[in-house]
Amino acid sequence: MEYKREIIVHGDYFAEFYDKQVSSVRQKINYVLNLLRVEEHIPSRFFRNIENVRGLFEIRIEMESNIFRIFCCFDEGKLVVLFNGFQKKTQKTPLKEIEKATSIMKEYFDLKKKGNRL
Numbered sequence: 001m002e003y004k005r006e007i008i009v010h011g012d013y014f015a016e017f018y019d020k021q022v023s024s025v026r027q028k029i030n031y032v033l034n035l036l037r038v039e040e041h042i043p044s045r046f047f048r049n050i051e052n053v054r055g056l057f058e059i060r061i062e063m064e065s066n067i068f069r070i071f072c073c074f075d076e077g078k079l080v081v082l083f084n085g086f087q088k089k090t091q092k093t094p095l096k097e098i099e100k101a102t103s104i105m106k107e108y109f110d111l112k113k114k115g116n117r118l
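Residue numbers are given in full-length UniProt numbering: position 20 of the sequence shown equals residue 20, and the series is strictly consecutive.
Because the hints were derived from the structure by calculation, they are not lab data.
One or more of the hints may lead you astray.
In silico DSS-like pairs for lysine-lysine, Cα to Cα no more than 27 angstroms straight-line [what the hints assert, rightly or not]:
{"hint": "1", "residue 1": "K100", "residue 2": "K20"}
{"hint": "2", "residue 1": "K78", "residue 2": "K100"}
{"hint": "3", "residue 1": "K113", "residue 2": "K20"}
{"hint": "4", "residue 1": "K112", "residue 2": "K78"}
Label pairs and their calculated CB-CB ranges [unchecked claim]:
{"hint": "5", "residue 1": "N52", "residue 2": "R26", "range": "15 to 23 angstroms"}
{"hint": "6", "residue 1": "E2", "residue 2": "P43", "range": "15 to 23 angstroms"}
{"hint": "7", "residue 1": "K100", "residue 2": "S65", "range": "39 to 47 angstroms"}
In this text, a Cβ means the ideal position worked out from N, Cα and C, and glycines have one as well.
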């Protein structure tokens, strides 16, 4: 199977979120991440850009009545960098989560400019 994209993580943010999830949620996360790797066009129910934040996207996971989001960005074309994740409690994505993801994305690109990648 040919991968359309490579997925990496920045820092421990994603792992901290992922490790807290039950097995069924982890399986769904893995399923959606695999879609991101192999599908040319990702359905919007799984992936969309964050309005008013250039370059920031959210991976969307729904499991029964629970809604989870993982923030990410693209780098070097086909490289997807995972940041923080959270469980949504309301329809609207909380501004503090978007601000946190924006800060992590800035941290990633600042480190990259210095020749580091965490």
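- Decide if the proposed pair is consistent with the structure: K100 and K20, CA atoms, cutoff 27 angstroms inclusive. Status holds; Cα separation ~19 angstroms.
- CB-CB spacing for P43 and E2 relative to the 15 to 23 angstroms hint: holds, 19 angstroms
- Message: Just to be careful, I want the Cα atoms of K112 and K78 compared with a cutoff of 27 angstroms; is the pair within it?
- Response: holds, 16 angstroms
- For the range 15 to 23 angstroms, tell me whether the beta carbons of N52 and R26 fit it or not. violated, 31 angstroms
- Outcome for the supplied range 39 to 47 angstroms, where the beta carbon pair is K100 and S65: violated, 24 angstroms
- Message: For K113 and K20, compute the direct alpha-carbon distance and say whether it is at most 27 angstroms.
- Response: violated, 32 angstroms
- Take the C-alpha atoms of K78 and K100, compute the straight-line distance between them, and say whether it is at most 27 angstroms. holds, 23 angstroms
In summary, the structure is inconsistent with hints 3, 5 and 7 from the numbered list given earlier, while agreeing with the others.
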